[in-house]
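> Protein chains in written order, with the working numbering: chain A, 65 to 427; chain B, 509 to 763; chain C, 2 to 294; chain D, 328 to 795.
Just to be clear, a hint being listed does not mean it is correct.
Subject to a maximum C-alpha distance of 27 Å in a straight line, what follows is the list of computed DSSO-like cross-link-like pairs (lysine-lysine) [said to hold, decoys possible]:
id : chain 1 : residue 1 : chain 2 : residue 2
1  : D       : Lys-666   : D       : Lys-578
2  : D       : Lys-527   : D       : Lys-577
3  : A       : Lys-221   : D       : Lys-777
4  : D       : Lys-751   : D       : Lys-528
5  : A       : Lys-221   : D       : Lys-528
6  : D       : Lys-577   : A       : Lys-221
7  : B       : Lys-708   : B       : Lys-679
8  : D       : Lys-528   : D       : Lys-474
9  : D       : Lys-666   : D       : Lys-751
10 : D       : Lys-751   : D       : Lys-652
11 : D       : Lys-421   : D       : Lys-754
12 : D       : Lys-378   : A       : Lys-221
13 : D       : Lys-527   : D       : Lys-693
14 : A       : Lys-221   : D       : Lys-782
15 : D       : Lys-421   : A       : Lys-221
16 : D       : Lys-693   : D       : Lys-474
17 : D       : Lys-378   : D       : Lys-474
18 : B       : Lys-708   : B       : Lys-695
Computed footprint of chain D on chain C, listed as stretches where at least three residues anywhere in the stretch have a Cβ under 8 Å from a Cβ of chain D [stated by the list, open to error]:
id : region
19 : 4-11
20 : 114-125
21 : 132-141
22 : 188-195
23 : 198-206
24 : 244-255
The hints are simulated quantities; they were obtained by calculation from the structure and are not laboratory data.
Predicted model, so just to flag it, every value in this text is computed and none were measured.
Positions of the beta carbon are idealized from the N, C-alpha and C atoms, including for glycine.
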Amino acid sequence: MRIEATPWSEPNTSTPPPRTSLFARASGRAVVRIALAAGGTGLLLVLPLLVDDYVLSAVLVPLLALSLAGIGQNFVTGYAGQLSVGSAAFMSVGAFAAYDLHLHLHGTPLLVSLAFGGVSAAAAGALFGLPSLRIRGFYLVASTLAAQFFVEWLFTKVGWFSGNSASGVITAPPLSIATVDLSSPGGHYWLSLLVVAPLTAAAYNLARGRIGRAWMAVRDMETAAAVVGVRTGQAKLLAFAIGSFYCGVAGGLWAFAYLGTVEPHGFDLDRSFQILFIVIVGGLGSIAGSFLGAAFIVLFPIFLDQLATFVMGGSVDPGVLQNIDKIIFGGLVIALLAKQPAGLARLIEIAWLRARRWTLRSA
Amino acid sequence: MTTALLDVQNVSLAFDGILALDDVSFRVARGEVCALIGPNGAGKSSMLNVVSGLYTANAGDVLFEGERLTGVGELARRGIARTFQNIALFRGMTVLENVALGTDFRGRASFFEQALRIGRAPREERRMREEAAVVMDLLDIASHRTDVVGRLPYGLQKRVELARALVPRPKMLLLDEPMAGMTVHEKRDMCGYLLGAHEKLGTTVVLIEHDLGVVMDLSDHVIVLDYGKKLADGTPDHVRADPAVIEAYVGSFAT
Amino acid sequence: MSFFIEVLLGGLLSGVMYTMVAIGFVLIYKASGVFNFAQGAMVLFAALTFVSLTERGFAFPLAFIATLAAMLLLALAIERIVLRPLVNAPPLSLFLATLGLAYILEGLAQTLWGTQVHGLDIGVSDAPISAAGVSVSRFDLFAAGTAATLVATLALFFRLTRSGVALRAVADDPLAAIAVGIDLRRLLALVWGVAGVVALVAGLLWGARVGVQFSLSLVVLKALPVLIIGGFSSIPGAIVGGLIVGASEKLAEVYAGPWVNGGIETWFPYFIALAFLLVRPAGLFGERSVQRV
Amino acid sequence: MLRTRAPGFVPFLAAALLTTACRSRSENASAAVLASPAPGTVSPGKESAGKEQYFPLQSYRVGPYAAGGSGFFGGFIDYMQLVNIRDGGVNGIKLTWSECETEYVVERGVECYERLKGGLNGAPAAAMNPLSVGIAYALIDKATTDKIPLITINHGRTDSTDGRVFPYVFPLSLNPYSEISAIVNYIGQRSGGLDHLRGKKIAVLYHGSPYGKETQPIVELLAQKYGFASTHLEVPHPGTEQESQWLQIKKLAPDWIILRGWGIMNPVALKNAAKIGYPVDHIIGNIWSNSEEDVIPAGAAATGFIAITTHPSGRQFPVLQDVDKYVLSAGKGNMTDPKRVGTGYYNLGINNGILNVEAVRVAQAKFGNKPLTGEQVRWGFEHIHIDDARLKELGAVGLLQPIELSCSDHEGGGAVRFEQWDGKEFKVISDWIKADRALLRPIIEASSTKYATEKGIAVRDCDAEARL
């Protein structure tokens, strides 16, 4: 048989760049999206005026902090495919580092302290990520668990980290940026938003860019990744470092903006699992999922309490309720893993697509 | 004769005692299409894996453009791309992302440029998209750009993998049974793509293939392996005439 | 010198306690490649059920049998509700599912039996017995003995019974095992059942040692480094790992601890485990093949 | 950037809307439940309006420390129940309460605080009673800004004893420093006078947490003052593993051991003591190592164990007899396990109830018999003065120590009794033994003033306030 060579067309730079996943959408929808985004952002900014202190300081602030930590965990586990159960340790490092900088270099701007916390956490993350160059799979839990327990011990043990306060509990300084006072619940919320929003944007850029692709390549097939020129070791360490940076900043927010205090045991293994659950429920490898997961984790217990109150009145013993709460939560996690491993993010995406198809048809 | 692009010198490879490659040497000239053939277990894939640094030979050297190849890490940067016998795509990622990874190693944008989408980062992304688009159009997979690879049919996946290998415009392409399990039509297309790449880019192609018809049509240079030893090495006609080869492939050349 | 020996012995003996929990893991990991974090919760569940039954006037053997039945039922339920829907899900998901399972079990146990702290007296005194200036707790010796018996029984079980053989087959090569007609579901249920029994024994010993209450589920954290050192799929590994962890952490606490004023036991085992991993990335006895995720 | 952020905000709106929805629903939910009215809302429509004083309860009945929580809050609730049934409330003002499970987890405690601080169906919140050091710390600032007294009976931040810096925080009856001082005084007494402490060896076995470490400096101080040798041994959280610590103790052979434990750590410690053959009657449990839950799991190993208490166990006290008569027999008891009535945590709950109610009563005397704001109740706490006569009226002689609080002293008591476990119950073996509070006060003030400058807090002038 004779074979004709398929003609190879050179890229023609005069023609506009080909439409791709990001640009594929009709410009009309792009407009809608931007409008939506703008509206959403506006709404986010004025939220403190719409909801009361309870929602702000007991729901939204922790939600923001946890979402950030979720993104961090997602980089390591969801994107780079490395099992980590030490996120709380890196949050802890972030919180204490931020606090210590503020304490020992008095008058350090708040945002600088938080950033310093993040960087310290990144260093710790890279350090405890090193074994990932050699160890694979579940055995890697050794590394992150070591981090988990060591950090907890270190901060409990070495008084210097907690400013030698007799109790070993650190209390946040009064919050303010420049001269703007942020000590009100609204202020705490704005501070969190100010930190989380840009970091989220950056997270999207990383996840969708070269670095994100390298991470996913390592996750999906490490050998092939190496063959196409991904520096796999570098990619893993970067994932640990960046992931821990996000966790560190989240820890700082947790300590400063949410609780206003933090003790080493506040970042124990349960917290690490909580972060892990956020990623699972929200969706592995999805930034938006980190927010959904965090929202779920924060709201679910509250919602259940409210429900119980509403349905059963006072008759139910809170202890029992809490246990039921635990059971249902565990069940939901299993159900999600079985039915929709891509998590809430995917569920919502599907719903959104259905809705769009429906509207198109009806239109 | 011109200096060989790829120069395999006395390579031997053993898996716990059993000799998979036994003192094999051959040269591949720049710009030729070279086929590695031989019965199953002849050591073809092993040879390809040694060349691409996935296996380290117990003895012998592999020179590319006169310099030793050391390890898989530098493969792409030296201008070598390859595909695998049983597709090695990133199943969780979209076609575009997979193809993009083919050129990513060229990226220069710093971490912060990427995080903030400033400076070189957006330019590189755009360039990557253009290059990817060209190859995807060429291989008729552009329409699947945003599909997740894991869910695509086999034939398409083969093409995506080829696209990922072609997009950096490599100097040498290592293809491990690119047409395994394909229909005649698919094979024809595939050959078309290969020749296209080869003619336009002067890409040197080293491929493993069982369909001797295809091999003889496609390649300028055929190397026959058998039980880890080199049986024959030469032009298709020369190899076709070689008694040892005929011995190995009883009557396979009737057609 | 005798003090050193005491520390060493004490360490080895508490190592045995860790092994007790670790074995449950290994069984399940061997059979299904599931990294069962819920093992600790199962220990809690078993111990709490047993104690609550005895406190409600059940005789010791009766309570034991009842709890045994409960654990087997639990195993069946787990196979049906957790494992079956997650067949050929990635190992990471399975691991996380067992985290969810741990939540369920803790919640369930405490809903059924309340959150009271219970004492558990299995009739073995803590009083030390001394020999050559070295004194060891009677209880620890008893625990070690029980553990040994348990391991021996398991070994026999896997050598002699059909399901035991089947299990080994599955551990070696699941596909082949299914090909020769082994009913994987039944087997999984069985393995989880056996793991439940191990959890019960471990629960009784741990319960008698530290009292029966919520913290029992945390013993899992003591078992992890043991597994990592020994390899997830090896019972001898679990034993050796347990002894290594127990001895090293006690020696470290007593001799190195004072320099950093103490409390290093929580993290020290994990650093030991890491050290081992860097030399043998799949544990002492683990096969490299079981590296998933 | 805009585009990329778009999906992010969805959850927030979900969050905000969902919670607001739940909350508006719970508005019309029945009283005495985990309702969460919007802060400050007063709904006069409710029959209860204007006749009730509300006690938000950040309780914990599950998790590692459930035993403590269920006992304490059970006692607290039963006492409030008693006041309602027996006396028809405080001067006609009924007490209401609602629980919110914290599981001893800090952020849940904060969420509960935010949820409950606004009062219940118009009944204003009198005081917060989280039984958790961690939660207490997280609430110090919030409670101070919201002007709600934060009661941390027998625990919490030691320097919050200084009411001039911590106007709304009350480490009632015993702070950690006093506790250690009292224990040392008792050991002195047992060894025939404090001067006999010289050369003695005292080991402190403490829980690996801020709480556990807090008293180290005081122990050192007293060690220097009285010339005894002190050793500190940390037990890592949660405390199930203590072999090595006890081996060290065996080597050290101290004359006394102070057990500064929490939860599971205590029974395990006692069992380990038996393992190395250390005399258990020379182990002295601190205020969180003194409950039945701390000894029962240790079985025989615990017999002879000594512990301090500000709230001796037992039902013989008149107030508990009343609880039995009016509450339990009426089937209104809170304890799921009635056997636990009269146990340590329960009686602490009773004491806590007495003090909270007393504060309301004192405040009513000044502000009138109506539901009071947190600020007014704070005044009540700062003017609690319970002498022996008042203790008699309350039926709490021997159960509660005479206690007098003031603007500058938010502890008030500082004395403890010692009790010994006989295998079935704790038997009180000493009268109230006082801490050397004069010695401790300067240390506390040093710490509190440091805190004040750090946080930029204006120190109250108590004399000036008294003159008002």
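> For this structure, which hints from the list above don't hold up?
Violated: hints 1, 4, 8, 11, 12, 13, 15, 22, 23.
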